[in-house]
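Colleague: Assemble the dimeric complex from its two separately framed chains, guided by the hints.
The primary structure of each chain is shown beneath.
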Amino acid sequence: MDIVLQQLVNGLTLGSVYGLIAIGYTMVYGIIGMINFAHGDVYMVSAYITAIALALLTFFGIESFPIILVGTLFLTVAVTGAYGWVIERIAYRPLRSSSRLSVLISAIGMSLILQNYVQLSQGANQQGVPTLLTGALRFHVGDGFVQITYMKLLILFISILGMGVLTYVIQKTKLGRMCRATQQDRKMASILGIDTDKVISTVFVIGAVMAALAGVLVTLDYGAFDFYVGFIIGIKAFTAAVLGGIGSLPGAMLGGLILGLSEALFAGLISSDYKDVFSFSLLVLILIVRPSGLLGKPEVEKV
Amino acid sequence: MSNAVVRKTLISLAIAGAATLAQADVVIGVAGPHTGAYAAFGEQLWKGAEKAAADINAAGGVKGEMIKLVKADDACEPKQAVSVANRLVDSDGAVAVIGHFCSSSSIPASKIYEEAGVIMVTPASTNPTLTDQGLPNVFRVCGRDDQQGDVAASYIVDKLKAKRVAVIHDKDTYGKGLADAMKSTLNAYGLKEVMYEGLTRGEKDFNALITKIRSVDADVVYFGGLHSEAGPLVRQLREQGSKAIFISGDGIVSDEFVSVAGSPEYVDGVLMTFGAPPTSYPSGKKVIQEFRDGGYEPEGYTLYSYTAMQVAVAALANNNLDPIKGAKWLKTHSVDTVMGKKDFDEKGDLTVSDYVMYEWDAQGKYHVVD
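First to last, the sequence lines map onto chains A and B.
Using our numbering, you'd call the opening residue of the first sequence number 1 and step up by one each time.
Using our numbering, you'd call the opening residue of the second sequence number 1 and step up by one each time.
One chain only, chain B, in its complex shape (with noise of 0.2 Å):
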C-alpha cells in the first residue's frame, strides 16, 4: 500500500472518529406499548419520557451531552420487546431505558439489559419476578403486585367487609400475578375466594363469566388486568343486573377505561388500587404546570416516566456515563424526582410503597379514598 493510500484511509477514519464524537448524544430507549390496544399507556410513558428528555437537556443536558430518545414499540408483547431490546442496545446503542410497560415484556428485556449493561428503569411493571430475578441493573419507580394486593385485600376485608369475592385475572403475567398476590393476602385474612378464574385477552364477550359470577352471588369482583378488558367486563356486570363491587388494579388508570366501558355511568364505584396521587407532591407542581399550560393532563404513568427519566439520568450524571457503576450507585444514593425522593433497594425496588385506594365516579374521573 502506497504512502498516500495509507495517509488518506487514516484522514477518513479520522473524519469519521469525529462525526461519531460530535453527536456522542446520551440515547435512551423508551420502550413500552406505543402501538396496539394498549397504546394509550405507551402515550403515557412517551410524553413523560420526553418532557423530562426536553427539561433536562435544557438545564444543560448529562454531563453537557444532549439526550436522544428513541421510541422503540413493544405492543405490549414478550417477543417483540426482546427484539426492540436488542434493537436498542445494538443499534442504536442506548445507555439506559425507560420501560417497559407491561411485565410480560419487561422481565424477557431486562436480561437482554443486563447483558448490554444498560439501566432499566420501568415507570409501571410491577411484577414481582422482575426485581426478584435479582438482576443489577433493574429499577422500577412504582410499587409491586404483592404490595398492591395486599392493599387490596385489606380493603376488602377490614372496609367493605366483603364476604364473598370472585377473583377474574386476564391469564398475562401482570394480571394473574396482581390477582394471585390479592388471593393469597385474602387467604391469609382467612377469607376464601369463592370463585377464581381466568378470561382471554382480546375477547369482549364475557357474558358466560358473568353470569358464572351472578351464580356464586358474588359481592366483590376483584380483577386483574388492564383497562381495554375491564371496561367490557364491568359493563356487561352491570347489564346483567350485579351490583357487586369491581376492583382492580393500576392497569386499569387510563381515561379510556371510560370510553372501553361505553359510558361513565358504567365505571361509577369502580375501585383501583395505584400509588399517591403523583400529582400531590410539591416537587412536581412546576411540571405539572406546564404539562396542562402544554394542553396535556399528565394522568396515569405520565409522571412515573418522567420519574424514570430522572433515576437513569442522574445515575448516569454521576457516574461519569457509565451505567453498570450508575446502577451500582443508586442502590446507594438517593434521587430527588419530581414525586419526591426515592430510594432504592437492593434488588432495585423502591423503599417505600405508597398504595392507596381510588374511586371513579359518575363523571368519569378518579379520586382517592379517604
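Excised from the complex, chain A in its bound form (with noise of 0.2 Å):
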C-alpha cells in the first residue's frame, strides 16, 4: 500500500512537470498548427539560466531559501522568456506565410542550434547545483512509510499555481480573448484589430515561461543537468500534449499527469525497463480511440 501511495507522488510530480512543459507544445501547434521542436531546448535553457541566476544570488550573499527562490524564479522566467520571444522572430515568424514543413525544419534547426549553443558556452560537462531545500514530510502508512521532500511539495504547488494562473489569463482576461480568437481564425482575428503577429509572439513567451517554471523547479530537484537534457523530457511532454489532444490547454495538463503516473507505476509495479513502452503503447491505444486526443476537438474542414 505505502509503495503504491509512494508511486502515486512520484508519478504526480514527475507529471506536473511534463504538464508544464506540455503546454508550450499545445499553445504554439493550438495557434500556428506547428510543432516547436526547439521547446525542449527553451526547457534546457532555462536549466542553465537556473543555475546562473543561484550562482549570481549567492554571490549577492543572499542566503535565504524563499529569497532565492523567487528570485531565481523571477530572472530565469524573464531570461526563459525573452528567448521564447526571440526564437519566434528569428526563427518563426519570417516563415509564417510558407508551408508548415519550412517551419518545422525551422525548428529542429533551432533546437540544434541551442544545444550547440549551450554546449560551446558552457561547456559539454555535467553540470550540478548544490541542494538547498532539504528535508521531507514522512507518512506513516502501514508497516511501511511514504515520504515527499520539501521540494517534490513545491513542485506540486508551483505547477498547479502556475497552471491555475495561466487557465484565468486565457479563460478571463483580454489578452487570454485574443489568443482564443487567433486559435480559432487567425484570419478573422486580424481583420476584427487583433495584432495578430503580437499574440502569436506572446503564445511563445507563455510557452517559455511555463518551461521556465519547470526547468527551475526540476533544476532546483534533481541538481544535475547537461546541453542535452531538453531531448528527453521534450519527447515526453510532446507526448503528453498529444495524449491530451494537442491544441487543448487542459488536455496538456491532464496528458502529463496520465504520462508521469503511468511511467510511475508501470516502472514501480511492472518494470522500469519497459516503462517507455508502456506509456507509448498507451499513447497509441488513445489515438486509435481518440485520434484527436483525450481532450482535444476534431479538426474540422474549413470550406
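Just so you know, the hints here were simulated from the structure itself, not pulled from any lab data.
Backbone N, C-alpha and C define an ideal beta-carbon position, used for all residues, glycine too.
Do not rely on the hints blindly, as some may be mistaken.
[Unchecked claim] Partial chain B-side listing against chain A, Cβ under 8 Å, derived:
#1 A37
#2 V194
#3 E197
#4 E203
Modeller: Spelled out as C-alpha cells, the structure:
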C-alpha cells in the first residue's frame, strides 16, 4: 500500500513537470499549427539560467531560501521568456506564410542551434547545483512509509499555481480572448483588429515561461543537467500534449499527469526497463480510440 | 608531352614527396567522449595522452619522429565512434589510437582499426567482448568487467554479508555487462538478487525505480553505469529515506559524480571498484608531481591514458614504426610504464588484474577500503 501511494506521489510530481512543458507545445500548435521542436531546448536553456541565477544570488550574499527561490524564478522566467520571444522572431516569423514543413525544419534547426550554442558557451560537462532545500514529510502507512520531500511539494504547488494562473489568463482576460480568437481563426481575428503577430509572440513567451518554471523546479530538485537534457523530457512532454489532445490547454495538463502516473506506476509495479514502451503503447491506444487526443477537438475542414 | 613539362611535373612531384617526408610525424589518435555528458572522462584521456606525448617528444620522440596527437570525439556514441575511427585511419593516417572510452564505442571502432592495421590501446573500456573478439591489434591497460564484477560480488557476500541485493544497470554495453558479470558471480555464491532492472540513460528522474528498490527492502544496490546517472540515482535513493549501501564500478570515477549528486553528503559511503590507485606506483611519482605542479590532479583514467600511450609507443619504437609487428611484439614483451610493468596475454588483456574496493567520503573524495 505504502509503495503504491509513494508511486502516486512520484508520478504526480513527474507528471506536473511534463504538464508544464507540454503547455508550450500545445499552445503553439493551437495557434499556428506547428510543432515547436526547439521547446525542449528552451527548457534546457532555462536549467542553465537557473544555475547562473543561483550563482548570482549567492554571490550577492543572499542565503534565505525563499528569497533565492523567488529571485531565481523571477530571473529565469524573464530571461527564458525573452529566449522564447527571440526564437519566434528569428526562426518562425519570417516563415509565417510558407508551408508548415519549412517551419518544422526551422524548428529542428533552432533546436540544434540551441544545443550547440549552450555546449560551446557553457561546456559539454555535466553541471550540478547544490542542494538548497532538504528535508521531507514522512507519513506512516501500515508497516511502511510514504516520503515526500519539501522540494516535491514545492514542485506540485508551483505547477498547480502556474497552471491556475495561466487558465485564468486564457479564460478571463483580454489577452486570453485575443489568444483564443487567433486560435479559432487567425485571418478573421486580424480583420477584427487583433495584432495576431503580437499574439503569436505572446504565446511563445507563455510557453517559454511555463518551461522555465519546470526548468527551475527540476534543476533545484535533481541538481544535475547538461546541454542535452531537453531532448528526452521534450519528447515526453510532446507525448503528453498529444495524449491530452494537442491544442487543448487542459489536455496538456491532463496528458502530463497521465503520462507521469503511468510511467511511475508501470516502472514501480512491473518493470522500469519497459516503462517507455508502456507509455507509448498507451499513447497509441488512446489515439486509436480518440484520434485527436483525450480533450482535443476533431479538426474541422474549413470550406 | 614535351620534355620540359615532364621535367616540371617530376620536380613538383619530388617537392611534394619531400614535403610529406619532412612532416612524417607519428600520428596517434586520442579517441573518446571529448564532448557530451561524459566529457569529463574525455578530458582525463586527453590530459594523460597529451602529457605522455609531450614527455616522449621531449626525450627524442619515437625513433626520432615526433608524436602528433589527433583528437577524435565519439561523444560516447557507437555511430559517431565508427565515423571518427574511419577518419583517423583514412585522412589523419594514424598508426595507433589511444581509446575509446565507452565499451559501446570501442567495440565497433576496434574492427576498423583492425582492418587498417592500427594498434588500439584503450585506457578504460572494460567490457569483456572487446578483447574476446580475438582481434590481433586490440589492447587494454585496464581490467575486465568480469574481474571487476567478481571483486564487487565477493565484497558484497564476504564483507557486507548482504542478503538482499538489487542490481540496476543503464542498458548500455558497459553498464549492463558489468551488472551481469556481478550478478553471475553473486549467483555462483548462492545469492539470488532481489531485483534486476534497467534505467534509461539521459533521464534524471528515477523515483519510481527507487520506490521499487525500497519495496523489495534491498540492503545493497549495485549499479552498472556511469556517474551522470549514478549521481541522481544515489541522491534520490537517500531522499526517499533508503539507507541501502550503494555500490558501482569504475564508471563513476570522476569528481563530477559529486557535483551531479548535488552535494558530498549524498556520495558519502558509496563504494566502487577500480584498479589499484594509479598514483601508487613508484614509477609514476615524477609524472604525477609534474601534473600537480601544472595545477591538474591526475584523477580517474588520466594515468591509464598516459600508460596506454607508453604501451603504443613502445610497440612502435621497437618494431620500426610498424603497427602490425608492434601488436605481435606486445604479446610477448613487457612494457615499463608509469603504472608499473605491464604484460599482455594473447587476447590483449593485462595478465594481472588489480581491482580493489574504494569508498567515497563526506568530503567528496575516494580512497581504498582496507
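Colleague: Give a verdict on every hint.
Modeller: Hints, one by one, checked against the model:
no.: 1; hint: A37; verdict: holds (5 Å)
no.: 2; hint: V194; verdict: violated (14 Å)
no.: 3; hint: E197; verdict: holds (5 Å)
no.: 4; hint: E203; verdict: holds (6 Å)
The structure shown violates just one earlier hint, number 2.
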